[in-house]
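Asker: So you can see what is in the structure, the chains are spelled out below.
There are 2 protein chains.
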Amino acid sequence: MGEQKLFIPKGYRKTKQREAILKVLERAEYPITAEHIFMELKNDGIDISLSTIYRNLEMLTKEGLTVKSYMMNEDKARYALPDKKNYLVCEKCGKIVIIDNCPFDKFKEELIEVHGFDITGHSIEVYGICPECQKK
Amino acid sequence: MGEQKLFIPKGYRKTKQREAILKVLERAEYPITAEHIFMELKNDGIDISLSTIYRNLEMLTKEGLTVKSYMMNEDKARYALPDKKNYLVCEKCGKIVIIDNCPFDKFKEELIEVHGFDITGHSIEVYGICPECQKK
DNA sequence: GTTTTTTTGCAAATCATTTGCATTTGGAAG
DNA sequence: CTTCCAAATGCAAATGATTTGCAAAAAAAC
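Protein sequence lines, in the order shown, are assigned to chains A and B. Residue numbers for the first sequence, in the numbering used here: -9 to 126. Residue numbers for the second sequence, in the numbering used here: -9 to 126.
Since the hints were made in silico from the structure, they are not lab data. Be careful, since some hints might not be right.
Which copy is meant is left open, so a pair is good if it fits within one copy or across any two.
Unchecked claim - Straight line, CA to CA, 27 Å or less: simulated BS3-like cross-link-like pairs of lysine-lysine: (1) K126 - K52; (2) K0 - K82; (3) K58 - K98; (4) K52 - K125; (5) K13 - K58; (6) K98 - K126; (7) K58 - K96; (8) K82 - K96; (9) K13 - K0; (10) K0 - K52; (11) K6 - K32; (12) K32 - K13; (13) K58 - K82; (14) K13 - K52; (15) K66 - K85; (16) K98 - K82; (17) K6 - K58; (18) K125 - K82; (19) K66 - K6; (20) K125 - K96; (21) K52 - K66; (22) K66 - K82; (23) K58 - K4; (24) K85 - K58; (25) K13 - K85; (26) K125 - K98; (27) K52 - K82; (28) K98 - K52.
Work out the full structure, taking the sequences as your base and the hints as a guide.
Answerer: The structure is reproduced here in structure tokens:
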């Protein structure tokens, strides 16, 4: 199933902190914050410094292994593997649902044609009310 | 042409600072930062406090008159009128181009069907290399 | 094992954004 | 057009996420 193959990019060393961070990102179901990773690891009994987490997230993002994003009304960055980059957020309960078949791909061609850009990436965030909250 | 009709939302007072901020947002061609508004107004000879700008942007965003977003590799928020919400960013020169005919609308129905969300908003950010930078 | 270079942890520094509070202002009511 | 009060502003201080300097620890190289 959802097996990822996150690896430590070439040129960087393999450390237990680095691997632990990757593991948390792998099992996360949606974009998470640095603080979230910190807590998660604390639960796992792994002691790590927040700055190490930030430094690794910066590296991973630069290397394209993770994607950084911000959620509406939140002041902290979230990080996720690229396949969890597009998501729906429920404005009531905060539930986050990943958009699997990214609708964007179908528009890519159109955008290239209209604007002439060589497109390298994108990020889509959608807000709404989830089915459960609609019933209330 | 591009005439906007930004107004001060009902229940809020008309102040010269508020109007000045709205004016800057109207003439901006893409999402701008609070600092940008501050500078712009300083140039216009209008003296205003940064906190007033932040307070107004928060209000405008809450009222739906502006949209807040973050750009890749930037740590500060940007604000724009809703029609300038979706844009392309050149990774080389930083040029920003607004996506006029938002491709998203075509997917809205599909998303509603698949996830059952009642969709209230979205934001799309696309990265790439602009035509000029491609030539270099 | 020893050396070299990267990574980490800690504490202090940054920097965008927020907040408390006294003062000013808009505009409703008289 | 004066009076009055809530809303808005400015300033300085506080906040909170993220970054950074530096010495110690740990990888990979030798």
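Asker: Checked against the structure, which of the hints given earlier come out wrong?
Answerer: Violated hints: none; all satisfied.
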